[in-house]
Amino acid sequence: MMSMCKQLQPTVHIPPCGLNLEAFNSRRQKNKVVIVMGATGTGKSRLSVDLATLFPAEIINSDKMQVYEGLDIVTNKITVEEQRGVPHHLLGMVKNPNADFDAEDFCDEASEAIDTITDRDRLPIIAGGSNSFIEHLVDGLDYSFRAKFECLFLWVDVSMPVLHTYVSDRVDEMVRNGMVEEVRRMFDPDASYNRGIRRAIGVPEFDRYFRDEMLYDERTRARVLQEAFNEIKDNTCKLACRQLGKIHRLRSRDGWSLHRLDATEVYRRRGKGAEQTWKRHVAAPSAAIVEQFLRNFVPAVSRPTPTIRVPAMAAAASR
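Just so it is clear: in the sequence shown, position 19 is 19 by my numbering, and no numbers are missing.
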């Protein structure tokens, strides 16, 4: 599947920082973890790979649907080519499409992956849109995670009106890349949409179409299919609003110090100049923040940022 973020490949080159994590072991009391957050479609996977090609790092997926095997188009799973040789953990690891994978499961698997990565003196980068998973990992279990690890939070943000336009176009691109047939192969009229990978946006919306398509004439079939596409777009926009609302709650209520990277202009451009805009507004600032983090500096951008108003739709969705 092609998406806007993926269309911007190849990622612009950022000069390596030349850091060796092993050199910091004797100077730090805690191992370090970078966490990349943001609403769906904002470029979290891309940024995590950008960083992992600059620093000795490996990536841990925190998207609750991408942990499952299959439905690569629907879940917008990063391809092997886009991974650019960077090891990824918790990606397509759950083989049973009906199995539940909850926050506790994520904490167990992510903790094991983090320990494995840090034992090799490499930097774990956690990236994904399931903020509840990340919150449970970082602040759950009597805050034992924070006692063991020092966390850096990067937040890739895009203006909601701009992001909504993008995710709508992304659904159209998913359709062109075979989303309908991908979901059709997994369709089971007796399966539940309340568990496993079938909970993913882009699966239950096709239920009516797959059940009754043989009963429709050509015109009705096209109309019902278009209604499914529109519902997927609407549900994806609502998900983005909920994710943004969750991020704002973590910043305000729980006091998480998130470094905001504004990628709005990248999404406005989408073509000419988008590469340099991504580098200037997202990739290069993030690399500088991570380098300072690894050198035990306090990044200048860690100073409190101005309050960002949550759009009305996001505020409503977060209640």
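Hints are computed from structural coordinates only; laboratory data are not their basis. There could be a bad hint or two in this list.
Claimed, not checked - Label pairs and their in silico Cβ distance ranges:
hint, residue 1, residue 2, range
1, R223, E112, 21 to 31 angstroms
2, P56, L215, 35 to 45 angstroms
3, Q29, N230, 48 to 58 angstroms
4, A103, R223, 16 to 26 angstroms
5, R219, S257, 15 to 25 angstroms
6, M214, R253, 46 to 56 angstroms
7, R184, N230, 14 to 24 angstroms
8, L215, R280, 33 to 43 angstroms
9, A191, L215, 37 to 47 angstroms
10, V80, D169, 35 to 45 angstroms
Note that the Cβ used here is the ideal one computed from N, Cα and C, for glycine as well.
Does 37 to 47 angstroms hold as the CB distance between A191 and L215, or does it fail?
-> violated (21 angstroms)
Falls inside 15 to 25 angstroms, the C-beta gap from R219 to S257?
-> violated (55 angstroms)
Indicate whether the distance between the beta carbons of V80 and D169 respects the range 35 to 45 angstroms.
-> violated (24 angstroms)
In this structure, is the beta-carbon distance linking R184 and N230 contained in 14 to 24 angstroms?
-> Holds, at about 19 angstroms.
Go ahead and decide if the range 46 to 56 angstroms is satisfied by the Cβ distance of M214 to R253.
-> holds (51 angstroms)
CB-CB spacing for R223 and A103 relative to the 16 to 26 angstroms hint | Violated, since A103 and R223 (Cβ atoms, about 39 angstroms apart) do not stay within the stated range.
With 33 to 43 angstroms as the target window, see if L215 and R280 comply at their CB atoms.
-> Distance hint for L215, R280 is violated at roughly 54 angstroms.
Lying within 48 to 58 angstroms: is that true of the beta-carbon distance Q29 to N230?
-> 52 angstroms Cβ-Cβ, so the 48 to 58 angstroms window holds.
Range hint 21 to 31 angstroms (beta carbons of R223 and E112) holds or violated = violated (48 angstroms)
CB-CB spacing for L215 and P56 relative to the 35 to 45 angstroms hint = Distance hint for P56, L215 is violated at roughly 57 angstroms.
Violated hints, in rising order: 1, 2, 4, 5, 8, 9 and 10; the structure is consistent with all others.
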